[in-house]
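Protein chains: 4
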Amino acid sequence: LEAICAAHGLTPAEFAALREHAHAAKASAYCPYSGFRVGAALLTASASASASASTGEIVRGANVENASYPVTTCAERVALGTAVVAGHRAFRAVAVATDVSPPASPCGMCRQSIREFCDLTVPIIMFDKDSNFVVMTLDELLPLSFGPESLGVPGPPKAA
Amino acid sequence: LEAICAAHGLTPAEFAALREHAHAAKASAYCPYSGFRVGAALLTASASASASASTGEIVRGANVENASYPVTTCAERVALGTAVVAGHRAFRAVAVATDVSPPASPCGMCRQSIREFCDLTVPIIMFDKDSNFVVMTLDELLPLSFGPESLGVPGPPKAA
Amino acid sequence: LEAICAAHGLTPAEFAALREHAHAAKASAYCPYSGFRVGAALLTASASASASASTGEIVRGANVENASYPVTTCAERVALGTAVVAGHRAFRAVAVATDVSPPASPCGMCRQSIREFCDLTVPIIMFDKDSNFVVMTLDELLPLSFGPESLGVPGPPKAA
Amino acid sequence: LEAICAAHGLTPAEFAALREHAHAAKASAYCPYSGFRVGAALLTASASASASASTGEIVRGANVENASYPVTTCAERVALGTAVVAGHRAFRAVAVATDVSPPASPCGMCRQSIREFCDLTVPIIMFDKDSNFVVMTLDELLPLSFGPESLGVPGPPKAA
Ligand SMILES: [Zn+2]
Ligand SMILES: [Zn+2]
Ligand SMILES: [Zn+2]
Ligand SMILES: [Zn+2]
Numbered sequence: 050l051e052a053i054c055a056a057h058g059l060t061p062a063e064f065a066a067l068r069e070h071a072h073a074a075k076a077s078a079y080c081p082y083s084g085f086r087v088g089a090a091l092l093t094a095s096a097s098a099s100a101s102a103s104t105g106e107i108v109r110g111a112n113v114e115n116a117s118y119p120v121t122t123c124a125e126r127v128a129l130g131t132a133v134v135a136g137h138r139a140f141r142a143v144a145v146a147t148d149v150s151p152p153a154s155p156c157g158m159c160r161q162s163i164r165e166f167c168d169l170t171v172p173i174i175m176f177d178k179d180s181n182f183v184v185m186t187l188d189e190l191l192p193l194s195f196g197p198e199s200l201g202v203p204g205p206p207k208a209a
Numbered sequence: 050l051e052a053i054c055a056a057h058g059l060t061p062a063e064f065a066a067l068r069e070h071a072h073a074a075k076a077s078a079y080c081p082y083s084g085f086r087v088g089a090a091l092l093t094a095s096a097s098a099s100a101s102a103s104t105g106e107i108v109r110g111a112n113v114e115n116a117s118y119p120v121t122t123c124a125e126r127v128a129l130g131t132a133v134v135a136g137h138r139a140f141r142a143v144a145v146a147t148d149v150s151p152p153a154s155p156c157g158m159c160r161q162s163i164r165e166f167c168d169l170t171v172p173i174i175m176f177d178k179d180s181n182f183v184v185m186t187l188d189e190l191l192p193l194s195f196g197p198e199s200l201g202v203p204g205p206p207k208a209a
Numbered sequence: 050l051e052a053i054c055a056a057h058g059l060t061p062a063e064f065a066a067l068r069e070h071a072h073a074a075k076a077s078a079y080c081p082y083s084g085f086r087v088g089a090a091l092l093t094a095s096a097s098a099s100a101s102a103s104t105g106e107i108v109r110g111a112n113v114e115n116a117s118y119p120v121t122t123c124a125e126r127v128a129l130g131t132a133v134v135a136g137h138r139a140f141r142a143v144a145v146a147t148d149v150s151p152p153a154s155p156c157g158m159c160r161q162s163i164r165e166f167c168d169l170t171v172p173i174i175m176f177d178k179d180s181n182f183v184v185m186t187l188d189e190l191l192p193l194s195f196g197p198e199s200l201g202v203p204g205p206p207k208a209a
Numbered sequence: 050l051e052a053i054c055a056a057h058g059l060t061p062a063e064f065a066a067l068r069e070h071a072h073a074a075k076a077s078a079y080c081p082y083s084g085f086r087v088g089a090a091l092l093t094a095s096a097s098a099s100a101s102a103s104t105g106e107i108v109r110g111a112n113v114e115n116a117s118y119p120v121t122t123c124a125e126r127v128a129l130g131t132a133v134v135a136g137h138r139a140f141r142a143v144a145v146a147t148d149v150s151p152p153a154s155p156c157g158m159c160r161q162s163i164r165e166f167c168d169l170t171v172p173i174i175m176f177d178k179d180s181n182f183v184v185m186t187l188d189e190l191l192p193l194s195f196g197p198e199s200l201g202v203p204g205p206p207k208a209a
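Chains as they are written, first to last, in the numbering used here: chain A, 50 to 209; chain B, 50 to 209; chain C, 50 to 209; chain D, 50 to 209.
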């Protein structure tokens with residue numbers, strides 16, 4: 050675990066915090082249609098739109114479903130939305146947790162949402178119900194990705 | 050204004066808080082593609098999934114766009130996601146604010162998202178750039194709506 | 050029925066065609082998650098992006114779900130996508146059919162998608178399982194709507 | 050080119066047809082907001098929900114945008130919707146074409162939509178404005194993907 054943390058620029062305490070928050074976030078999921086709870090946790094980095102947004106914070110998300118299925122927002126996007134509104138524009142790690150095993154991965158739509166705000170090297174940590182996990186970078190989960198620069202738009206400020 | 054507040058079960062202070070938070074939330078919008086900032090504010094009601102979620106709170110949202118346009122999350126849905134993760138499951142009012150005039154209304158997708166958690170009588174307050182506003186109930190903005198009960202699902206707990 | 054058709058600028062034959070196609074389209078739905086089949090049918094108008102797109106055609110749609118619920122495309126949006134690719138840019142009527150009663154209405158997201166290409170007076174006909182129906186105009190189903198002109202964009206060409 | 054086609058189970062004629070249709074489909078894009086035209090083409094396989102859906106057909110799509118950006122449907126999902134309504138449930142190849150270089154890839158949301166109906170070995174061919182291309186399999190573009198089996202749902206019938 051220490052080697053994995055080091056490889057991805059995380060401390061063991063940060064890794065543990067991501068794990069605890071991603072699991073805890075599942076309890077707030079609203080998923081009467083799928084019955085499939087997902088929790089997410091983001092570790093914030095220094096780039097921000099707001100002086101009050103500090104680095105090293107954890108922001109939680111959970112899936113919020115809708116009777117019209119496409120109106121559902123996944124856990125990862127709920128977390129990103131909450132974080133952006135709090136002034137965050139960059140992240141050092143993303144974690145997701147579910148009640149299944151092996152661990153579920155972010156859907157393609159969420160990988161795309163993460164792409165907007167994260168460097169390609171950011172680790173995405175996927176926890177199964179027993180906290181066994183798989184880590185992959187964003188670039189591994191969404192290779193050859195399409196982002197702001199593809200449209201000639203600057204996108205968010207980059208983390209220092 | 051007092052008559053409007055009374056008609057919708059709001060105090061003037063609650064109305065003012067919704068207005069201030071909806072406008073302030075615009076500053077956190079991430080909208081490099083449209084350049085169209087939207088702020089949202091929700092007034093929480095008593096039904097909740099969590100003992101720690103208190104009533105009468107304001108929860109903010111702002112639009113979070115993506116290079117892949119359909120991956121965008123509107124301000125109203127960001128606010129709902131944040132609120133649901135904080136344990137809220139019912140709301141007494143929804144406010145949105147933009148930089149245009151006349152006031153912009155929630156898109157159809159957001160009206161649907163509000164439908165999941167709000168009674169049909171909930172007021173949706175739309176502020177223009179100068180805080181002129183229009184108020185309509187959810188039922189007026191999304192008549193004959195499709196919701197949890199259409200699928201035979203209980204949906205969220207109802208506000209007391 | 051003749052009075053209703055006349056009020057909305059449809060012939061009884063066009064109304065019958067919309068009903069038959071909307072019901073028939075349900076058979077092509079891919080909905081293993083909700084089990085809720087929806088069929089849609091559009092009646093094309095004269096504005097088009099293509100010389101080969103003729104008026105008075107019926108274009109079908111059905112819901113196409115996804116294991117990631119928000120990646121689902123509803124019947125109405127599938128029909129619109131198919132029609133736009135065939136060169137159509139304006140429509141005289143929209144019909145939806147389901148297997149329930151009373152008739153289900155388009156979700157808010159689909160009302161918004163219809164808004165992009167239809168005049169506010171366009172009738173939206175909702176058929177229940179026995180072809181009982183309710184008709185409402187787009188403006189009735191999505192009042193105070195947000196459209197291309199709200200962003201200062203011309204939108205599609207208008208029907209002659 | 051012949052080697053690439055052979056590696057992915059396509060004939061040179063099929064490859065050429067995918068290229069021509071993906072480029073031609075761009076002309077039907079409705080994209081007043083991004084100005085970024087995308088065309089898509091699918092090569093159908095044998096599994097189907099309908100006796101009339103034949104194999105080896107090409108189905109086209111193009112992006113259909115909306116004033117509410119998240120209501121946009123990308124080219125790939127428009128093509129999938131059209132194909133599913135025509136009775137197709139499996140595909141041998143996906144092609145996308147844009148007006149930029151290097152070639153743009155499907156967004157994460159579209160990769161997820163393709164995942165629902167395609168084997169992981171299906172080639173996704175990305176053409177730039179001059180028909181230079183990159184080919185990657187679905188598994189390469191969306192590794193560790195989340196699909197119907199993750200939810201214990203059978204999903205579509207598999208191609209023979
Ligand atoms: Zn997702
Ligand atoms: Zn919206
Ligand atoms: Zn819909
Ligand atoms: Zn896409």
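Hints are computed from structural coordinates only; laboratory data are not their basis.
Treat the hints with care, as some may be off.
No distinction is drawn between identical chains; accordingly, a pair holds when it is met within one copy or between any pair of copies.
Simulated crosslink set (SDA-like; lysine to any residue; CA at most 20 Å straight-line) [unchecked claim]:
id	residue 1	residue 2
1	LYS178	THR104
2	LYS178	PRO151
3	LYS178	SER199
4	LYS178	ALA55
5	LYS178	ALA65
6	LYS178	GLU198
7	LYS178	VAL149
All values derive from a computational prediction rather than experimental measurement.
Fill in: 20 Å Cα threshold - placement of ALA55 relative to LYS178
Classified as neither; 24 Å inside a copy, 42 Å across copies.
Practice prompt. Give the relationship of LYS178 and SER199 under a CA distance limit of 20 Å: within one copy only, between copies only, both, or neither.
Written response: between (37 Å within a copy, 14 Å between copies)
Item to complete: Give the relationship of LYS178 and PRO151 under a CA distance limit of 20 Å: within one copy only, between copies only, both, or neither.
Response: within (8 Å within a copy, 41 Å between copies)
Practice prompt. At 20 Å max between alpha carbons, let me know whether LYS178 reaches ALA65 within a copy, between copies, both or neither.
Written response: Within one copy, since 15 Å is at most 20 Å while 44 Å is not.
Worksheet item: With identical chains treated as interchangeable, where does the CA-CA distance between LYS178 and VAL149 reach 20 Å or less: within a copy, between copies, both, or neither?
Response: within (5 Å within a copy, 37 Å between copies)
Worksheet entry | Alpha-carbon proximity context of LYS178 and THR104, limit 20 Å | neither (28 Å within a copy, 32 Å between copies)
Discussion item. Within a copy, between copies, both or neither: which one fits LYS178 and GLU198 at a CA-CA cutoff of 20 Å?
Written reply: between (37 Å within a copy, 17 Å between copies)
Hint violations for this structure: numbers 1 and 4, all remaining hints satisfied.
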